[in-house]
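Peer 1: In case you want the letters, here they are:
6 protein chains.
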Amino acid sequence: MVRLTRRYRFAASHRLHSNHLSERENREMYGKCNYPYGHGHDYVLEVAVRGPRDAESGLAVDQRILDRLVSEEVLGPLDHKNLNLDVPAFQDVVPTAENLAAEVRRRLGDRWREAFAGPWPVLESIRIFETKRNIVELSNTL
Amino acid sequence: MVRLTRRYRFAASHRLHSNHLSERENREMYGKCNYPYGHGHDYVLEVAVRGPRDAESGLAVDQRILDRLVSEEVLGPLDHKNLNLDVPAFQDVVPTAENLAAEVRRRLGDRWREAFAGPWPVLESIRIFETKRNIVELSNTL
Amino acid sequence: MVRLTRRYRFAASHRLHSNHLSERENREMYGKCNYPYGHGHDYVLEVAVRGPRDAESGLAVDQRILDRLVSEEVLGPLDHKNLNLDVPAFQDVVPTAENLAAEVRRRLGDRWREAFAGPWPVLESIRIFETKRNIVELSNTL
Amino acid sequence: MVRLTRRYRFAASHRLHSNHLSERENREMYGKCNYPYGHGHDYVLEVAVRGPRDAESGLAVDQRILDRLVSEEVLGPLDHKNLNLDVPAFQDVVPTAENLAAEVRRRLGDRWREAFAGPWPVLESIRIFETKRNIVELSNTL
Amino acid sequence: MVRLTRRYRFAASHRLHSNHLSERENREMYGKCNYPYGHGHDYVLEVAVRGPRDAESGLAVDQRILDRLVSEEVLGPLDHKNLNLDVPAFQDVVPTAENLAAEVRRRLGDRWREAFAGPWPVLESIRIFETKRNIVELSNTL
Amino acid sequence: MVRLTRRYRFAASHRLHSNHLSERENREMYGKCNYPYGHGHDYVLEVAVRGPRDAESGLAVDQRILDRLVSEEVLGPLDHKNLNLDVPAFQDVVPTAENLAAEVRRRLGDRWREAFAGPWPVLESIRIFETKRNIVELSNTL
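Protein sequences appear in the order of chains A, B, C, D, E and F.
Letter by letter, the first sequence follows residues 1 to 142 of the working numbering.
Letter by letter, the second sequence follows residues 1001 to 1142 of the working numbering.
Letter by letter, the third sequence follows residues 2001 to 2142 of the working numbering.
Letter by letter, the fourth sequence follows residues 3001 to 3142 of the working numbering.
Letter by letter, the fifth sequence follows residues 4001 to 4142 of the working numbering.
Letter by letter, the sixth sequence follows residues 5001 to 5142 of the working numbering.
Think of the hints as simulated: they come from the structure by calculation, not from any bench.
Certain hints may be false.
As the list claims (entries may be wrong) - Restricting the straight-line Cα-Cα distance to at most 27 Å, the calculated cross-link-like pairs of lysine-lysine (BS3-like) are:
hint, chain 1, residue 1, chain 2, residue 2
1, D, Lys3132, B, Lys1132
2, C, Lys2032, C, Lys2132
3, C, Lys2132, D, Lys3132
Sequences are here, hints too, so could you generate the full structure?
Peer 2: If you want it as structure tokens, here you go:
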């Protein structure tokens, strides 16, 4: 059984602001990330999958399928976009790194079984590096 | 004579769109960077200065002065900001990495002599890493 | 449930030398790290915590609290310090990366519950990168 | 209990080509990695071990033993080599990152108990970074 | 006047072996790089150009043209290739990093004027990172 | 003509403190770097040389000679050492990055002609990365 991790990049902008909080609470909660016109990051996405090595090909996952899925479901909709304004999921949800990781997992998970047509590989974890210093992970084993 | 380079980071969003071009020309010229709601980067700024080593202190530049100047003139006004909407210089100027480097050099240059109170150090070059793959430099020696 | 990792840096010096070993045994055990006047590193610290995403804020941890705790308990006492001479815990304990990770975990753990005032987040693991090639981890799941 | 990870590098060339597949299937399966004369990478190897901290030395693993074992069993036989032509294990096995990780684990595992002469440390996982974007892990806990 | 640097990656294999030297001289000169079946690297290429900022677009170089030229002349012919066997220029020339940089400069230079259709930008320097530790540069100003 | 840069690493400790300054002036000038027991860094050294490509070997510098010279003159005397206490040059000279670069250049320069036995390569510049954010360069062209 092998864990394979692939790393992708996308640039996006966002603003952290919750409709459930007052202006003052927003500023206190999110600090500079609440500035009114937003800011941006070069996000790094790591997708980790688990599966058995195929005896013939020596591969644990068909990377062409994984790359196409990530491209269609994540990079296309998010790269060079404004998360708050371009992505429907963030109309009412604050685009924190935590929520972004959840949205990426949902997008990949919804088409996973159809894309790989079999029990393997399993989507194990999503990691978002918002910056080099702030990393969020969603995982089956948490 | 020594060259000293200090590296700083700031996160900002921008949109590349020129008022002198048609919608179609903008899309062709800037590609994904022209998407309507903007995107963002974790910019890296390198400021390179030149000066003699001080015989007593062994330093070529008083880093407290340099850091304060960069903080007041660059990081404060640009970090977690939208370059198009928050920075007056980019009201009519497209915030490309080239123009951003020029703006940073102008901001530091305007207060340089007053801040360092003497002929040294000389501000030699400004480098902006928009991403790891796209780097712009303005230098006295170009 | 989300795992959030934050990364910090500090520069410190140390010497690996055990009072329980002879001079010769110390040299054999620690090699260059036993040189008499010590040496230093730019340590990287990763603190990983686990908690549920808050529905309103979209955050799994209040980063202001975590950053303040790390600053007060780790960066203040260790940054630009000599681990052997400045840190009481290493008077009789060799400041290996393993022992340093344990000391950092103890320092954060002692004030964790008081600082976060609730069951979440849980302090999950401490990772110390002594160099890029030598990494030590203490974790609840080990 | 501590997890210690050490990182090593080696440069090697390989070609992905399976004798069980037709020319066309090979090209489809492996893409550019199937080009006839091979290509190469600067591989990064991470070896993670687990063990208790020794009370006297403060170390969880004798790094001299680990480094010697990795040098003799991995770096010597693989560094600056052609994986297909120089390494017997890849005569009939495709040198994918997955199979390379398995071969490294086998090589270290075969001599592990003899080298460390005791129950600790345990060899926990092998990670191969084929490139920065493609990472394979074999682990006891998978 | 602006210097713009763009960074590209390609994986290739090579063997350092000169027909003008004996077997023994080859081994002494090139060490492990002379092993008979070759090895490989993840090469990084930096192309630095110089030009004036365009007043309207704010750009110093049309990156679409540069990226296409590099893709056609360098990445296509070299990525995932064996430099000795796949690249005609290295039939009788040893594919050292120095010679590789010269070949890349020649390839870009031959089509530069035709591609950019004007005096700007000027191709200023080529840098090849063979590994992180070994970097070769060819420059107009050397 | 080629510029070749090689990168080396060493870990050392130091304290910035000038005998020509009062205690208070030292604290103001050097800040945390003046703490009494010192601290340390993982220094990166880049040595850049210039020379013609040899037509036969395709090399601009005999790396075995350069590596041996750096090992004997820099890494041996400085790695895992305390710059203030172990290095005679810093008995009365503050081991700032600026002075460290000058000391490294002096050490390499003193034996350069003897080591390379010919007019090429020329030692062009020394760069010291004290941290990722603070870089000092001494160069023939400054």
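Peer 1: For every hint, state whether the structure bears it out.
Peer 2: Against the structure, the hints:
no., hint, in the structure
1, D/Lys3132 - B/Lys1132, "holds (14 Å)"
2, C/Lys2032 - C/Lys2132, "holds (17 Å)"
3, C/Lys2132 - D/Lys3132, "holds (15 Å)"
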